[in-house]
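Those sequence lines, one after another, are chains A and B. Under our numbering, the first residue of the first sequence carries the number 70, and numbering increases by one thereafter. Under our numbering, the first residue of the second sequence carries the number 79, and numbering increases by one thereafter.
No wet-lab data here; the hints were simulated from the structure. Mixed in with the good hints, there may be bad ones.
Stated by the list, open to error - Partial chain B-side listing against chain A, Cβ under 8 Å, derived: (1) 81; (2) 123; (3) 126; (4) 129; (5) 141; (6) 168; (7) 184.
On a predicted model such as this, the values are computed, not experimentally measured, just so you know. Note that CB positions come from ideal geometry on N, CA and C, so glycine has one too.
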Amino acid sequence: SQQGEEDPQALSIQEGENATMNCSYKTSINNLQWYRQNSGRGLVHLILIRSNEREKHSGRLRVTLDTSKKSSSLLITASRAADTASYFCATASNFGNEKLTFGTGTRLTIIP
Amino acid sequence: DAGITQSPRHKVTETGTPVTLRCHQTENHRYMYWYRQDPGHGLRLIHYSYGVKDTDKGEVSDGYSVSRSKTEDFLLTLESATSSQTSVYFCAISERAGNTIYFGEGSWLTVV
Chain A
70 SQQGEEDPQA LSIQEGENAT MNCSYKTSIN NLQWYRQNSG RGLVHLILIR SNEREKHSGR
130 LRVTLDTSKK SSSLLITASR AADTASYFCA TASNFGNEKL TFGTGTRLTI IP
Chain B
79 DAGITQSPRH KVTETGTPVT LRCHQTENHR YMYWYRQDPG HGLRLIHYSY GVKDTDKGEV
139 SDGYSVSRSK TEDFLLTLES ATSSQTSVYF CAISERAGNT IYFGEGSWLT VV
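Start from the sequences, fold in the hints, and give me the full structure.
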């Protein structure tokens, strides 16, 4: 079963707008990570946020983590056509955290 | 890009035949993983390794076996391929448990 579930499954926005994706998970985590996948390629790591952190920034990316609600959000500001991709959250649990569990992803399309 | 090479990248095989996918890394990372990616299911962990000759099952391990005789190589074997094993297979590596993982470019397997 999937640990993380992304919402929405698909999102289309105009270039320049902000994109927000959400991830919910079920069990206690050590950290939560976001990955991007371009069509036909492998996943690329974007950002990692630890369970004792609430917010993290990396360039145009902002990630928040609410452990009480077991949820995270990824915000991409000032979107570009090159941001078109699928985005996945992944969780490392507190128990046996050598295994990352991925959600089913959000397909983001940026309309030029 | 992390030094991960998957082979073959594309393969078509017949039901009932054995298939071996190879993952080779040049990063000397301890952890290696095999995931499969299917529409609607995201990425699911098949098997992983935490050292030479040390492997463990993931959530979808039935019908698959793995071996790791050297730090740099992790083999995934389908003993008798079935149509349900048609998928994209990703190898991934990680230096530490629960930390960032780096993905290969994927192996597209079609079982007819």
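Hint check results:
At its closest, the beta carbon of residue 81 of chain B sits 13 Å from a beta carbon of chain A; the interface hint therefore is violated under the 8 Å criterion. Annotation: residue 123 of chain B was flagged as interfacial toward chain A, and the flag holds, the nearest CB pair being 6 Å apart, inside 8 Å. Hint on residue 126 of chain B holds. Least Cβ distance to chain A is approximately 6 Å, under the 8 Å limit. Interface hint at residue 129 of chain B: violated, since its Cβ lies 11 Å from the closest Cβ of chain A, which is beyond the 8 Å cut-off.
Hint status for residue 141 of chain B: violated, given a least beta-carbon distance of 19 Å to chain A, over 8 Å. Residue-level restraint check for residue 168 of chain B holds (minimum Cβ-Cβ distance to chain A is 6 Å; threshold 8 Å). Interface hint at residue 184 of chain B: satisfied, since its Cβ lies 6 Å from the closest Cβ of chain A, which is below the 8 Å cut-off.
Hints 1, 4, 5 from the earlier list are contradicted by this structure; the remaining hints agree with it.
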